[in-house]
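On the provided structure of chain A, position chain B as indicated by the hints.
If you're matching them up, the sequences are chains A and B in order.
Heads up: the first sequence begins at 1 in my numbering, then just goes up one per residue.
Heads up: the second sequence begins at 1001 in my numbering, then just goes up one per residue.
Treat the hints as calculated values from the structure; they're not laboratory data.
Computed from a predicted model, the values in this text were never measured in an experiment.
Idealized CB from N, CA, C, for every residue including glycine.
Treat the hints with care, as some may be off.
[Stated by the list, open to error] Simulated restraints on C-beta separations: (1) B:G1297 to A:P39: 46 to 52 Å; (2) B:G1297 to A:K153: 46 to 52 Å; (3) A:P241 to B:E1254: 48 to 54 Å.
[Claimed, not checked] Pulled from the structure, derived: some chain A residues nowhere near chain B, Cβ distances all over 10 Å: (4) R66; (5) A142; (6) G246; (7) D416; (8) L549.
[Unchecked claim] On the chain A side, residues computed to face chain B include the following (Cβ under 8 Å): (9) L402; (10) L405; (11) A492; (12) S495; (13) E536.
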Amino acid sequence: MKRVLALVLAAAVSAAAQPAASDIDVSGICGHTQGRPGPTLGFKPPTARSADLEPPSADGLANFIRTTIDPTSWDADGAAILGIERRLEVTQSAENLKRVLALVAFLEARFERTVVVDADVYAVSPSLAGELSPGILTAEAARSLDDAAADPKTAALLHSLRISLRSSQRGHQSALKSRTMVQDRAALVAPGAAILDPRQGRLEEGASLDVRPWIGLDGSVVAEIQLAVAKMRSVESFELPAESGGPLALPVQDILDVRTVAYLPAGSRVLVALMPAGADHPGWSLAVVVQARVEAGKSPAPPDTAAMNFRAFDIGTLLALPVEFAGPRLGAAEIGWAPVNTSEIEMPGADARTNPETLVQLLHNLVSPESWQNDGAVADCLGDQLVVYGPPALLDAVATYLATLERPGAAGIAVDNWAIALPTAEWAARRDLLQRPGGFTDELFGELMSAVQAGHGRLVATSGAVGRPCNRNVVSSGTRRRVLHRWIAEVAPGSSAATPVIEPADDGFSFAFDPSPTSNGALSPGLQGQWARIGEPKRLEGVGKCGPLQVVEGEESTFEVMASVPAGRPFLAGTAVIGEGEKAEVMVFLVRARPLASK
Amino acid sequence: MRTAILFLLAAGAAMAQDEEIGTRMFDVRFLTAPGTEVGEEVLVPPVDWSEPMAVPVLTDPNMERFVLSPEGVWPLLRHALPSIGWDNPGVSEEYSSGVLTVRAPASSLDRMGAAFDFLNRTLGRRVTIDVEVVRFQPGVLESLGAGAGTLGADVEGKVREAEADGKRSSVIAVLRAVTTDGRCATASSTHDRTFVMGYSAMLAAKSAIMEPHVRRHRVGAVMEIRPVLAGDGEPAVLDIRLAVAQPGPESEFEGGAPGEGRVQQPTRSMWAWEAATRVQPGRTSILFAGSADGIAGDGEVAVLVRVSVGEAGGDFPSGPEDRSLRVIDAGPALARFVNRPGEELGLPPEEHSGGGGAVTIPDDEAESGMDDEELGRRLLEPLADDEKVVHELVVAGGKAWMRGTPAQLEVVSQRMREISSNRRALAVDAVVAVIPETEWLKRKAGIREASAAADCVSRAVRGEGSRVAARVRACGISGQVFHAAAYDERPFVVSRNVEIADEKSAGIPVVGFLRQGFSWTARVRTGADPARASVLFEGEQVWGGVITAIEESSPAGRAQSASPRTFESSSSTTVALGAWTVAGVDLGEAPGGGREARVLFFRVTEAR
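Bound conformation, chain A alone (with noise of 0.2 Å):
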């Protein structure tokens, strides 16, 4: 920057006839790195799913400029600017020079604005639960959390997050603790002889963020969140005999797991997601609280005249949304096939981005057609960038059009849900009433609610989270068991030996939406939501060099909304009978999808 202003400087007092060159350092534009995902903790590692956006080119730089700063003077004798890597190399006079450097020294302040994002993970009393919906927290919910947070009876903060990095970056902060442990084995055999190798593993716990922020058109921040938390609930040691190769340790581990595209306003704290809580706070909540702020210097302003100024608009979430996150297979020891489940579903249109040439023509066909081929308006996309030059009235228009580009419901949509259990008799009871046509209705709600104050009924899982329109979003926690699930035998001349296979066992709850807003008011959330419980495994006594193994148990059930429904009134999206004979209920899944409020 010290540079460029002192370039300024010296233009300055250039005679303004004579040709001037300059080298110009634009690596503030054009050299940002994407970013990689972080380490891996949860029930999957993180992914780039958003759309990498290329940084503007030296090229497409000098481009710009020559189509913007004076045009015609370039085909002068001496004019020229070429761009090389991550420099312009500037021959002009020096009022065009001036110009030049006016405009990069204002891009430049473009691209260095700094994303800082803070993510906070509490775990919450079922009465503070209650309290709290994803979405904007109002300024008294932020501060009874934090105030509540004091009180080891009511919350507590378990992790506490930051990153810094420009829009259109991916970056990741992790807090681990890590240990070691033999988790498997591997069997070596030659002729004659066998030998186990002990494998040692590495298992962490803690707290992994993995963010990319786009600047919106408001100034708000966009992001494509991607949150684990994993807590060791135990690690068993699974005896083996010796010619097995002696104990292996089995971990379980707690885990929480957010992937979703929020829109986290200036200046407020967003509850992301409220998912229950693991072994540590039995009937509690998590709650993930992300916030997001820009940081910016002073903007020098552009080199405008009178009749024609420059305006750089944030178009990243334009060009790199929508994200498809995929979820957990949830459920009883991976084998063959898989059902449908959070893991599995395509959502349509994933594809559906804004291409940068797609915009430009846009602009030029619906936004004062007339002004591009008569004023010498131009436009181009540099980077996460559309950076506009025209009259102001068209600079006006095109912030207009830009602005209902954003697609309705823009601020997000919350999903909550609530699984309640009810025995097949009150279950039976009120079929009526939830099978009733249309049964959209908060009374439904408050029967069930009621059901579960009475006793004639328990809430299983109250969970919910946020999402962005149009992107894949999907909220898991539960337990993740590793489990001897059998053997692999290796066999040479004279010897043989066999190879432990541990896989994990997930279950909990997880859902995934794809939240769409209909013109006339409703939601489509795109909904799959699966629920899962394991029983502790059983040891299964092995025979010969195949050790003693582990089989499980457990239930599941999955469910699908593929149609719209009305924003904010909950409704039955699924049913399951969990538990057998005497003790059989029927398990309700009630979601309630609600449009939210931009700041």
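Frame of chain A, contents of chain B only:
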């Protein structure tokens, strides 16, 4: 969308020159989202024993006809709003990323907004399907007069009472799917356990090791469903696959092979039904009920279905005078449903010595739906010649988009109802009755008479001198192949594959499944005579198989044997609706001595 003829009303009002031009976005993603199944194979949780496999969903080769393409929305908007000056240079549209951006005078944009509201209401009608799987005690459904099909209000009340009475029934599964016209949805509720169900061997010179095979055993219920609406108050068509499994006894088998442990052998009872059928929205239907000898637990497992359909979008004022746009559900006329033959029961295929099972009805005669042009032509037939302005009607996205006067709309709607009703809902009720030989000999001669056949079935149902060995009834639509089955599934060690290496050998147990019960596949066509139906019917009953260990001593270990009896029969005939028909007879030894006749009856009834 090929037939989405652009309707351009040249006399449309000219754009007011002094009106401000605006730009507005219309998110059409919801209108055009294909759902999860188009062109895809997704993995569904089949309840049947399977190797890792991808099961195709309810594939309709013409499924894309039920989904508007993004490019198809604009012509429909022009169709809905003919009075906008679409060809005026100031009006333009662009489509990108699921969003239609329109530049037009502000008043026109307002009217487009209203049209999109209408489209959202109309195309987004919600369909909720509640499915309950209930095991009723023997005779309960019969005593209530509840057969396959839509239940009358009085019978429905009694069935619901019986369902709530734990002494007369128990609820096995409750599933719900929420979707829209033409879109597939799935739901499942299952219980899994892993078992060591076999072993494999690894051999090398002087070395052998047996490796346990762990497999998942799944019970519960899995449903995959696609509703196709047929207009207000008219029965909807459900394309459905449903499988239900309940756990049976578990046992262990010790094969005695060196290094091999016990083989776990869990069993389960299965009920499966795959069909396209019609149901009356808002009413409860029994779409399947089945029982068979050998299935663990008493009684008949029935599938109760209730479909709720959201309110229709109504008519949209469109064009001059009193013309309106009405969107009429055309799915049943356009859809081509996939034929669904049943699976073979009995021994594992490699051991099966004969018979084709209930799978031989050819698939090449699948009932095709009409194409868009043909439907458009037939819908306009009742109108007077001067009213048949072809471009007033567009068939697109599984709907007929008709613009006209109230009288014209009613005529076309009525015509659609007539066309859709050609696919009648029918129920096939198949019974295997076991009749002592002496009784059979007395009845045999007169059994060709419908009344005698009905009496025979009735006596068996009441247990008067004979009994019902299996009964499976299910619904489908005219012209479609569908199947239903109730059976028991038991794993056993069918044989051993011996492997040797130098001084070592091993016998690897080959595990197969014995499926015993009753399965049928049928295709019923009704023609000009509404009281008669042409029927292709194939039924198979497998029973009496006991699994025993083969005592022969072998270093490779022992296997197990099974000796089920199989009775297969196929018929191609024309029957009167409601009349019992004898499809086949098997005269054989009775378990307690003597002989008995096993008679397979079926009848076709209207499933209103």
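Minimum Cβ distance from A:G246 to chain B greater than 10 Å, as the annotation requires | holds (19 Å)
Restraint satisfaction for A:S495 [CB to CB of chain B, less than 8 Å] = holds (6 Å)
Please confirm whether A:L549 is truly not at the interface, meaning its C-beta sits more than 10 Å away from all C-beta atoms of chain B.
-> Since the minimum Cβ distance to chain B is about 7 Å, A:L549 lies within 10 Å and the statement is violated.
Given A:L402 was flagged as interface, is its beta-carbon under 8 Å from a beta-carbon of chain B?
-> violated (11 Å)
Falls inside 46 to 52 Å, the C-beta gap from B:G1297 to A:P39?
-> holds (51 Å)
Against chain B, with CB atoms and a cut of 8 Å, does the hint on A:E536 hold up?
-> Violated, about 13 Å.
Supplied contact hint for A:L405, tested at 8 Å Cβ to chain B | holds (6 Å)
Would you say the C-beta atoms of B:G1297 and A:K153 sit inside 46 to 52 Å of each other?
-> Given a distance of about 49 Å, which is inside 46 to 52 Å, the answer is holds.
Classify the label on A:R66 as holds or violated, using whether its beta-carbon is more than 10 Å from each beta-carbon of chain B.
-> holds (28 Å)
Holds or violated: A:A492 as interface residue toward chain B, Cβ cutoff 8 Å?
-> holds (5 Å)
Mind verifying the non-interface call on A:A142? Its CB should be farther than 10 Å from each CB in chain B.
-> holds (32 Å)
Interface-negative label, A:D416 against chain B, beta-carbon threshold 10 Å = holds (16 Å)
Of the numbered hints stated above, those contradicted by the structure are hints 3, 8, 9, 13, listed in ascending order.
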